[in-house]
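Starting from the structure of chain A, add chain B where the hints point.
Protein chains: 2
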Amino acid sequence: VSGSGPGLDRDGLDGDLRDLVEGTLDGQQLALSRLISHIEDRKPGYRAAMRAIYRESGDARIIGITGQPGAGKSTLVDKVVDRYREQGLTVGVIAVDPSSPYSGGSVLGDRIRQTSRSEDPEVFFRSMSSRGQGGGLAAATFDVIHAMDAFGKDVVLIETVGAGQNEVDIVSVAETVCVVTIPGAGDDIQANKAGILEIADVFAVNKADLDGAHTTRKELLQMIRIGNDLDDSDERRWMPPIELTTATRGEGVDELLEAFDDHYEFLTDTGRLSEERAARFRQELRTHVDAELSALVDRLVAARAPDHEDGDPHTGAEAVLAPLRAAVEAELDGD
Amino acid sequence: VSGSGPGLDRDGLDGDLRDLVEGTLDGQQLALSRLISHIEDRKPGYRAAMRAIYRESGDARIIGITGQPGAGKSTLVDKVVDRYREQGLTVGVIAVDPSSPYSGGSVLGDRIRQTSRSEDPEVFFRSMSSRGQGGGLAAATFDVIHAMDAFGKDVVLIETVGAGQNEVDIVSVAETVCVVTIPGAGDDIQANKAGILEIADVFAVNKADLDGAHTTRKELLQMIRIGNDLDDSDERRWMPPIELTTATRGEGVDELLEAFDDHYEFLTDTGRLSEERAARFRQELRTHVDAELSALVDRLVAARAPDHEDGDPHTGAEAVLAPLRAAVEAELDGD
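In order, the protein sequence lines correspond to chains A and B. Note that the working numbering has the first sequence beginning at -8, numbered continuously upward. Note that the working numbering has the second sequence beginning at -8, numbered continuously upward.
Worth flagging that the hints you see were computed from the coordinates, not collected in a lab. It is possible that part of the hints are untrue.
Since copy identity is lost for identical chains, a pair holds within one copy or between any two.
As the list claims (entries may be wrong) - Under the rule of at most 20 Å between Cα atoms (straight-line distance), these lysine to any residue pairs were calculated in the SDA-like manner:
no. : residue 1 : residue 2
1   : K209      : T306
2   : K34       : G127
3   : K34       : R316
4   : K209      : Q20
This one's a predicted model, so the numbers in the text were calculated from it and none came from an experiment.
Isolated chain A (complex conformation) (with noise of 0.2 Å):
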């Protein structure tokens, strides 16, 4: 009998996910990596690990970066790090390229890109792309944060490239969301300013030596206002501050992370923050469902489904949600 002790031997891990399980809470970078590998892959006993890790994790503070791409975030990420560094503060860095043909894991932390702490042991940086995820990119994405908080990294911050609707999901769970944009870009921000007003709590206006760059924060500035107002009858609400990097140079990083600290106050001073946690939950749990009730409808789907010769969507779409709806009736019937 290991030293594990009852709640992870509850869990009904086997010694060696026990043992990855183990080595992550013990602050093993080289745990941490195969562990990751493990939960990404959705290997036999994920979920058991998951568990555990999850009792373990919650004290980490999560943060979003994205942006559209050629915005820079990689350096501004970079820099970010650096200064939480000088803090004191250990990084872990989640970068989610669903584009990308690179993913999980070199052996201490995957490093496809130079940065400039890749030789700093305090910093654990992970990229994930849709290659090889059983699950889901989101889902995967949503396991790796806890396992990074229950490593015991003080701060994860989550990189998503591009702008897509999937990317906003996983990026929406961090507490705090910095959007990223660059001067000139008034037009993509217009045409995507519903879903950018709704997920961003701190601006970052980066590339700030072009031209253009007051303009830009004005323009912005002009449409949080707008926003605001159609929607005033919070009185705790939160005006997402527009900050101007030049993250090449590192100018501005460190008012950035100041906007990030007062966020995080306003969340903690307001209750937002346990509303903030309630809701990303939900998010998590309904990610996990989805992703395994989709495999679960295709199977039913290959068996109950018409020909489209033979009949209309409509028909099929019945034939396949009635032993569901059937099974959701019956498991809420006693309550």
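Just chain B now, with coordinates in the frame of chain A:
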């Protein structure tokens, strides 16, 4: 007893709805407009109505037109409609805009936008937004396509505004998909090329009177060539033609319609048309299943998922999945 015949009676349609279905099949615009509102709102009996409609559909050509905001899609669609009318064909237009506050129905088709064919009874225009969609915008759009088809339209054009995944999913049920772009959009195309190459059967470089049209055409051509070299195993492959159009002056529109015709001929000659229809049937069926299943899962989550203070997302997901998984196993057990 009306003269509706046994086909409609068997569907169990009540009097009013049966009248709308019959009127639609008779080519009455008012009936079509009211039927669309009924199925769009998922009012009682809409599934039975869709079954009756579906049996009478399948003759229309379905053409999707999509592309970035500001590409001039509306004007181009207008000119395409004009040309089809000059050929003596009747046309239905479905303009899908998830962000639009407008939807639904004025009496003779909903014409919130002035078109050159506003007074032409052989052109039926309908705009659709996310507002008031019980079962999802995509599911409702598919049903409206069938309604216009069964009504007797020779061509149904689906115009999607914006370039989100949802719009791509909607337009991809069309037999022929035209992606509209503009000179100088090279970066946007590069950023989205995977999605664009997958769905585009024909490209239109609109606003071709602007500088850079030929450069954009060359960029597209190169992208198509690379994409096809990577997947040259299929002898029956289609190389998407690239047409330069200036919709405001009607230039290039004849050539665009010829490209649509060429693609349709390719589909029929190679037997792909029936493959496309089988795929579309499956996609429609799945969309209808997912729309209702989502509501069923909401109920299970509300009843069975733990609070975020008492559990973890994976255990919560298990509680929701268990009855659904059991139902699928039981249903497929006899197979």
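How the hints compare with the structure:
Proximity of K209 to T306 under the C-alpha cut-off of 20 Å is found in neither arrangement, the shortest distances being 53 Å within a copy and 46 Å between copies. For the homomeric pair K34 and G127, the shortest alpha-carbon distance inside one copy (14 Å) is at most 20 Å, but the shortest distance between copies (34 Å) is not. With identical chains, the CA atoms of K34 and R316 are at most 20 Å apart between copies only, with a shortest distance of 19 Å across copies and 30 Å within one. Proximity of K209 and Q20 under a CA criterion of 20 Å is satisfied in neither setting, with 44 Å inside one chain copy and 48 Å between copies.
Hints 1 and 4 from the list above are not met by this structure, while the remaining hints are.
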